[in-house]
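> Chains A, B, C and D, in that order, give the protein sequences.
Everything in the first sequence is counted per the numbering used here, starting at 1 for the first residue and increasing by one.
Everything in the second sequence is counted per the numbering used here, starting at 1001 for the first residue and increasing by one.
Everything in the third sequence is counted per the numbering used here, starting at 2001 for the first residue and increasing by one.
Everything in the fourth sequence is counted per the numbering used here, starting at 3001 for the first residue and increasing by one.
Honestly, the hints are just simulated from the structure, not real lab data.
As the structure is a prediction and not an experimental result, all values here were calculated from the model.
It is possible that some hints are incorrect.
Computed beta-carbon distance windows for the label pairs [what the hints assert, rightly or not]: (1) D:Lys3075 <-> B:Ala1203: 40 to 50 Å; (2) D:Glu3132 <-> C:Glu2137: 54 to 64 Å; (3) D:Gly3141 <-> C:Arg2232: 49 to 59 Å; (4) A:Asp181 <-> D:Gly3094: 27 to 37 Å.
In silico DMTMM-like links for lysine to aspartate or glutamate, alpha-carbon gap of 20 Å or less [to be verified]: (5) C:Lys2224 <-> A:Asp60; (6) C:Lys2134 <-> D:Glu3137; (7) B:Lys1124 <-> D:Asp3060; (8) A:Lys121 <-> C:Glu2089; (9) C:Lys2224 <-> C:Asp2060; (10) B:Lys1124 <-> D:Glu3227.
Listed next, the stretches of chain A that the computed footprint assigns to chain D, with coverage defined by at least 3 CB atoms under 8 Å from CB atoms of chain D [as the list claims (entries may be wrong)]: (11) 67-81; (12) 93-99.
All C-beta atoms, glycine included, are put in the ideal place defined by N, C-alpha and C.
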Amino acid sequence: MPWTREEMAERAALELKDGFYVNLGIGIPTLVANFVPSDIEVVLQSENGMLGIGPFPYDDDVDPDLINAGKQTVTALPTSSFFSSADSFAMIRGGHIDLAILGAMEVAANGDLANWTVPGKMIKGMGGAMDLVAGVQRVVVVMSHADKAGNPKIVESCSLPLTGIAVVDAIVSDYGRFTLDRNARSLRIDELADGIDLETVRAHTGITVLAG
Amino acid sequence: MPWTREEMAERAALELKDGFYVNLGIGIPTLVANFVPSDIEVVLQSENGMLGIGPFPYDDDVDPDLINAGKQTVTALPTSSFFSSADSFAMIRGGHIDLAILGAMEVAANGDLANWTVPGKMIKGMGGAMDLVAGVQRVVVVMSHADKAGNPKIVESCSLPLTGIAVVDAIVSDYGRFTLDRNARSLRIDELADGIDLETVRAHTGITVLAG
Amino acid sequence: MAKRKIFSDAETALAGVCFDGMTIMSGGFGLSGNPEHLIAGLLASGVKDLTVISNNCGADGFGLWTLLNNGQIRKMVSSYIGENKLFAELYLAGKLELELNPQGTLAERIRAGGAGIPAFYTKTGVGTVVAEGKPVEEFDGALHVRESWLRADLSIVKAWKADPEGNLVYRKTARNFNPNMATAGKVTIAEVEEIVPAGSLDPDHIHTPGIYVNRIIQGPSYEKRIEFRTVRPREEEPA
Amino acid sequence: MAKRKIFSDAETALAGVCFDGMTIMSGGFGLSGNPEHLIAGLLASGVKDLTVISNNCGADGFGLWTLLNNGQIRKMVSSYIGENKLFAELYLAGKLELELNPQGTLAERIRAGGAGIPAFYTKTGVGTVVAEGKPVEEFDGALHVRESWLRADLSIVKAWKADPEGNLVYRKTARNFNPNMATAGKVTIAEVEEIVPAGSLDPDHIHTPGIYVNRIIQGPSYEKRIEFRTVRPREEEPA
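Isolated chain A (complex conformation) (with noise of 0.2 Å):
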């Protein structure tokens, strides 16, 4: 049976090393938050000014002044730092995100990801997600493996416009845990979601499957 949306969460959380200073996107990579092993301390980064993301505030304490990129009300914790857009920013493009989760649309061979826009329906922006995915030091991608039709969103190359060029190190989707060697262009199997075996992912798949 494929991942549920915490199931996928709980998998990406798998990336997440004691130390590092991560980025979440909005939708199932926020999830991650709740699934952070207890042994271990990471740092969640907000692009929109705030380092030391803490939990969604009891109904009492919310503060409009206090949101994530997701202009979700967040709270702080004791050590969290607020600051501007271009200095946050600084901080994601000078490489010292450790790693972002993100969703996506569609993931290459090669590591193109595209997660931004689909030509012909309403644009909506980029927001910081081209930032992120040029500037981070890992790249995760959480999305369901085919889309609604069954058809591969990791393929040869993508057809969507591009978010960045090379950048996807992995991928969390409803059939499995997997590495994107983007050299050998291929995706290896790290973990497979109960009943789903590898003849399924190669079926829903446009690259190169190894069975890890």
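Fit chains B, C and D to the supplied structure of chain A, relying on the hints for placement.
For chains B, C and D alone, coordinates are given in the frame of chain A:
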């Protein structure tokens, strides 16, 4: 009689306008702070990271963490602010400082300035001088009109290594107050020291001098 | 100068600085840290054909959306205009220009505008539509695209506190683009929740030095609309 | 990570990060805001062939001068080395390389190194020796020279206070190059006058977020030598 250092500083202070943000160089320019007209307010910037320089401290108020760009102990004012070197020079480079008053070795007809080194002598470094002349809105030079041998320091073209090109707007020397017309490559007299006449100025100036 | 920087309200602070066709930077991330009263002042002024540089363009009924709704904006320079149906309609109808920037590139271009840096190189956007038509060059083994500075005729920013000299302090994530935009306007007007006496702000903790601020108003009240109120339940008390 | 960033002294904090031929950034302006104890630690370590990026090179008997005097420095990247006779001797004897930068260009190059900007354009230095061999281009009617980023194997900085996460706060003009250098080192070690408990520093007033700081020491005492003690007399009391 040529002006004294104090008289030169007093004349340079005529360049100050109400509301100006000003950077004063080391030496005579620093003295300009003593001659700010009482009916105007100016804010002094120090390129090591301070806006709003107060007077020198009393002996028992000296703070080693509070110095100006000449490394002299100073004081803060109620509206002072401190910032990093990069922020300080962003302020300077971005054109936010209205006026810099600086010393000089040579000024050329087109406004070129040489004030940081003499080849063959020990190099001390340009410090913030190149940034200041390139970034501030108006540059006023305070210097002796001629060198010790009586040779002009205002010349057709600088022989010393440049600090900046076409940057000087006005000069206060011991002979008088002058405006440099960079397009016409000439020096216009605004005021002469008592006993200094046009002949004397022309004899010690390497470019065209106009009677004002 | 001090007191002369303080104006009574948005209308008087905006007097003499607005003209049709001008470029305006407006601080804020979503609806957080928005110059609410100055936006309302622009609405009242009727100034039009605006190019507005702002990370977003308000949200339905709020912030810059009101200027869009009043037909005052010709072009937006933003990174994300998702929460705005009106924007979509006007854009698809060809009534609005849009220049999308990666958020970090937008922030850095504004910082560069204030800092006198006409161009800089970044990895962000290489190989994407963002880099089309721009010089690309390799540094340290990676391709970088050249981006240029952004400056404005007017910057409107929202801070928490100001002193009479215009020194500003922001609060939490309401800081966002505000300090960067404050440096990049020919004229910068700040609105704050409180104007405090000189000497009330610690000189070590000024986020925007007064040199960048030409005019200040104290807003009478702040709506501070929350876009996505997200909360957790209180843990149960142990019995 | 917190406590793991705190080291007992300069020697232990420097252990494992020094190697001959490395590039080190050292904060401070003149002798103000100098990482006194970490410089002493570098002296004790004997690491040599150093390229040191610092606005100045100490003063006779103090700061980086001590490393120079011990023959550990191969090259300085600075804006002003005026108060240093030893520097003059070594330089004239060909025993020391020197790369002079305009002070603002130096600061911006360091900021660029930390911010992932490999190159930028500035008016500073156009038409001078500083621009020799560098691309020059016109923007907005004025010539600008291209400058490149600076990064270091190690940055040593001095702050006033740190919390266990490495958030730093500086004091007055002792801030100077320190926050910029903190961002541009592969490893950054901060020394502070006081390590305060988590929660003691206001998150709105952190100058250097902890992400930039790998190791922290609390200096046992600070000499803070003044180069030019300049005072005014007390006004006489009215009779």
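> Determine for every hint whether it applies to the structure shown.
Verification of the supplied hints:
Take D:Lys3075 and B:Ala1203: their Cβ atoms lie about 47 Å apart, and the range 40 to 50 Å holds. Taken as a hint, the range 54 to 64 Å is violated for the pair D:Glu3132 and C:Glu2137, whose Cβ atoms sit roughly 21 Å apart. Separated by about 56 Å at the C-beta atoms, D:Gly3141 and C:Arg2232 satisfy the suggested range of 49 to 59 Å. One distance hint, 27 to 37 Å for the beta-carbon pair A:Asp181 and D:Gly3094, is violated here, with the actual separation near 51 Å.
Between C:Lys2224 and A:Asp60, the direct Cα distance comes to roughly 16 Å. Compliance with the 20 Å bound is thereby established for this hinted pair. Distance restraint check for C:Lys2134 and D:Glu3137: the Cα-Cα separation of roughly 15 Å lies within the 20 Å cut-off, and the hinted pair is therefore satisfied. The suggested pairing of B:Lys1124 with D:Asp3060 holds, with an alpha-carbon distance near 14 Å, which does not exceed 20 Å. For the hint pairing A:Lys121 with C:Glu2089, the CA-to-CA distance comes to about 12 Å; that is within 20 Å, so the pair holds.
Restraint check: the Cα-Cα separation between C:Lys2224 and C:Asp2060 comes to about 14 Å, which is no more than 20 Å; the hinted pair holds. Pair hint B:Lys1124 plus D:Glu3227 holds up; C-alpha atoms about 16 Å apart against a cutoff of 20 Å. Restraint check on the region 67-81 of chain A versus chain D: 5 residues with Cβ-Cβ distances below 8 Å, three needed, restraint holds. A stretch counts as covered by a chain when three or more of its residues have a beta carbon under 8 Å from one of that chain; for the region 93-99 of chain A and chain D the count is 5, and the coverage holds.
Of the numbered hints listed earlier, those contradicted by the structure are 2 and 4.
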